[in-house]
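Listed here are the chains, written in short residue letters.
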Amino acid sequence: MSARPRTLFDKLWDAHVVGEGEPPLLYIDLHLVHEVTSPQAFEGLRVAGRRVRRPERTVATIDHNVPTTDRSLPIVDDTARIQIEALRSNAREFGVTLHDVGTLEQGIVHVMGPEMGYTQPGMTVVCGDSHTSTHGAFGALAFGIGTSQVEHVLATQCLPMARPRTLEVRVDGALSPGVTAKDLILAIIAEIGVDGGRGHVIEYTGEAVRRLSMEERMTVCNMSIEAGARAGMIAPDDTTFAWLEGRPMAPAGEAWTAAVERWRGLATDEGARYDRTVRVDASRVAPMVTWGTTPATAVPVMGRVPAVPEGGPEREAALRALEYMGLEAGTPVESVEIDRVFIGSCTNGRLDDLRAAAAVIRAAGGRVHPRVGAMVVPGSTRVKAQAEAEGLDRVFTDAGFEWRESGCSMCLGMNPDVLAPGERCASTSNRNFEGRQGRNGRTHLVSPAMAAAAALNGRFVDVRTITGDAGVPAGRA
Amino acid sequence: MEAVREVNGIVAALDRADVDTDQIIPKQFLKRIERTGYGRFLFHDWRTRGDGTPDPDFVLNRPPWNEARILVAGRNFGCGSSREHAAWALRDFGIGAVVAPSLADIFRSNCVQTGIVPVVLPEAAVVGLLERAGRAEAGAPLRARVDLETMQVTLEGGEHHPFDLDPHARRRLMEGLDDIALTLEREAEIAAYEALTPRGAPAAPG
Ligand code: SF4
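Going line by line, the protein sequences match chains B and X.
Each residue of the first sequence is one higher than the one before, counting from 58 in the numbering used here.
Each residue of the second sequence is one higher than the one before, counting from 111 in the numbering used here.
Calculated directly from the structure, the hints in this document are not laboratory data.
Backbone N, C-alpha and C define an ideal beta-carbon position, used for all residues, glycine too.
Certain hints may be false.
As the list claims (entries may be wrong) - Partial selection, computed: residues in chain X whose CB lies under 10 angstroms from chain B:
{"id": "1", "residue": "138"}
{"id": "2", "residue": "145"}
{"id": "3", "residue": "160"}
{"id": "4", "residue": "184"}
{"id": "5", "residue": "186"}
{"id": "6", "residue": "195"}
{"id": "7", "residue": "217"}
{"id": "8", "residue": "220"}
{"id": "9", "residue": "274"}
{"id": "10", "residue": "277"}
As the list claims (entries may be wrong) - To be clear about the criterion: a stretch of chain X counts as covered by chain B if any three or more of its residues have a C-beta under 8 angstroms from a C-beta of chain B, and this derived list gives those stretches:
{"id": "11", "segment": "122-129"}
{"id": "12", "segment": "163-170"}
{"id": "13", "segment": "245-256"}
{"id": "14", "segment": "285-292"}
Stated by the list, open to error - The following residues of chain X were derived to be distant from chain B, with all beta-carbon distances above 10 angstroms:
{"id": "15", "residue": "112"}
{"id": "16", "residue": "133"}
{"id": "17", "residue": "150"}
{"id": "18", "residue": "174"}
{"id": "19", "residue": "190"}
{"id": "20", "residue": "192"}
{"id": "21", "residue": "197"}
{"id": "22", "residue": "202"}
{"id": "23", "residue": "231"}
{"id": "24", "residue": "232"}
{"id": "25", "residue": "234"}
{"id": "26", "residue": "242"}
With these hints in hand, go ahead and build the complete structure from the sequences.
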């Protein structure tokens, strides 16, 4: 190997380029599949008489379409049912493992993969889903692809692609008490913009990133795509290894020791160069709320909806977003009243997220505000079981939240969980695009703790005033 | 895939930045298991009013722009979800080229897979195009030609703008190549790679 210092990304790229031809061909270690973006790909294989080259590297689950209410009832939406049936028969026909509804493994593909230990450091991971960037939290190169590329990977286990550039997002310092990974990534996207990462793979580095738990790292990497990046990644370390050890698909015994040894070598070398670097000061990040229709419109909860820019296309976009969201510039965020709360998704549907929301409910006491309909949707069936074993479901239901089965649910509203026109939702998901959670629905992105606080109060509140982290909160002093 | 050498036709202007794929094709249309038939759902929530009737003000509902072949939009077009259905819907509607100051990464590659020419032009050129296409009368819409041979966008009247495209993407479009067949031709390399870096199931990566 060359002595040239390399980044984490460089090492993964170099190790996965197949042969010397052009365009570069990247070998894919793990291909995750779900029901929405795969039927046309399997159909393509069938038509061309091709097989799945590496079924043992291909894992499927059902997440986007499934109802999160009683699963013993038939699915009333015919097209959804047909799509789910199609994945079942494709998995059978092509010999692909399917973690189906009714098993503990079923869940949102980006929650299930890590939880099962499929996702490991040093791997290339793809899925026909843009939030595949989540898996980069393990030091994997993980990115979303379109359906034609899904077919390509099924048939060849490879993907032709141009080498992306690298962007280091260096987060110095430490997050203040009561400020979460969700707030951090929203602050980062507000800083670099929804296309700030276009053409790049982001590596998150720095003191504040090293201190994040695995689940928090997944939240951060998950939303890399909302900054337009191909992927987001974090170098694997003891936090990663401790989380992974003993998972069903993780190596065990001697193979584990050897793997950890190898994974330790993946971190970016001293002196390696990124194409760009952006610095963020973690201590300045406060609990965030988005006001507009892109994830870059996050502002601190103690702040106000920003003024409309003087001119240019930004002015048009801001006016349109304000109108869509039913807001006025200058309105204090804490005065905005909400109708719905959604806690879940691949961004914030893991056990720690549910714990954080439950902790706020325990600290505050009381019940969901009478105007508000609030829903908790665990990211996987296993998360649901674990949460129930800890009694979290009771904390939620006693306070008046609905406790659902796992799936994508109201993150995109492909199943029956949608906002009515004009309804305003505090959501722990990742996209506040127009209509994302239902036509003319209004989505504000927040952390699980902030969502719980909003549910109880019927409006946004600085969660630190509930949890007692409000000594001199960042940005409030 | 059909080979594309040039796209010739009416230019429709969508003067918005950060148009995401949820707008291009909303989720309720992703449940189908076919690759075709998405054109009538293109920009569904913008093209229809609350009661489901077409909004006569939306550009792609207004003749002659309902027959547009080239769509010009603001920066970061196609951001968000990886759904290839967005490209399928554009293609199915008749759009053969999308022109913007920047296109989101996954969308751009989905365009190439679908036979849509992704054209990135400097911001100033796009602003000019949006303006010209936007103020054109129904009787005289702006027409343009996107030529992959010369790598130029030529507007009616002669104004032209060169653009860049990854040479592999360009070749695939122009020759209508089956991407998967191309990779399968590299089978020996792939097999050698797999032999050199033995990996079991993902449970035991090498
Ligand atoms: S939870 Fe939302 S963002 Fe995540 S995979 Fe499901 S639909 Fe996509």
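Distal placement of residue 231 (chain X) relative to chain B, Cβ over 10 angstroms: holds, 16 angstroms
Consistency of the no-contact label for residue 197 (chain X), given chain B and a CB cut of 10 angstroms: Not fine: 7 angstroms to the nearest Cβ puts residue 197 (chain X) too close to chain B.
10 angstroms Cβ clearance of residue 202 (chain X) from chain B: holds, 13 angstroms
Chain B versus residue 242 (chain X) - minimum CB to CB distance exceeding 10 angstroms, so not interface: About 16 angstroms separates residue 242 (chain X) from the closest Cβ of chain B, which puts it past 10 angstroms; holds.
Hint check, residue 220 (chain X) versus chain B [nearest Cβ-Cβ separation less than 10 angstroms]: Hint on residue 220 (chain X): holds, closest Cβ of chain B at ~4 angstroms, below 10 angstroms.
Hint validity - residue 195 (chain X) Cβ closer than 10 angstroms to any chain B Cβ: Hint holds; residue 195 (chain X) Cβ to chain B Cβ min 8 angstroms, cut 10 angstroms.
Hint status (Cβ of residue 277 (chain X) to nearest Cβ of chain B, threshold 10 angstroms): Check passed: Cβ of residue 277 (chain X) comes within 9 angstroms of chain B, closer than 10 angstroms.
Supplied contact hint for residue 160 (chain X), tested at 10 angstroms Cβ to chain B: holds, 7 angstroms
Closest C-beta approach of residue 186 (chain X) to chain B relative to 10 angstroms, hint status: holds, 4 angstroms
Chain B contact restraint for residue 184 (chain X) - C-beta distance below 10 angstroms: Holds - the Cβ of residue 184 (chain X) comes within 10 angstroms of chain B, reaching about 6 angstroms at its closest.
Non-interface label on residue 112 (chain X), tested against every C-beta of chain B at 10 angstroms: Holds: least Cβ distance 14 angstroms, greater than 10 angstroms.
Outcome, coverage of the segment 122-129 of chain X by chain B - at least 3 residues whose beta-carbon is closer than 8 angstroms to one in that chain: holds (count 4)
When held up to the earlier numbered hints, the structure conflicts with 9, 12, 13, 16, 19, 20, 21 and fits the remainder.
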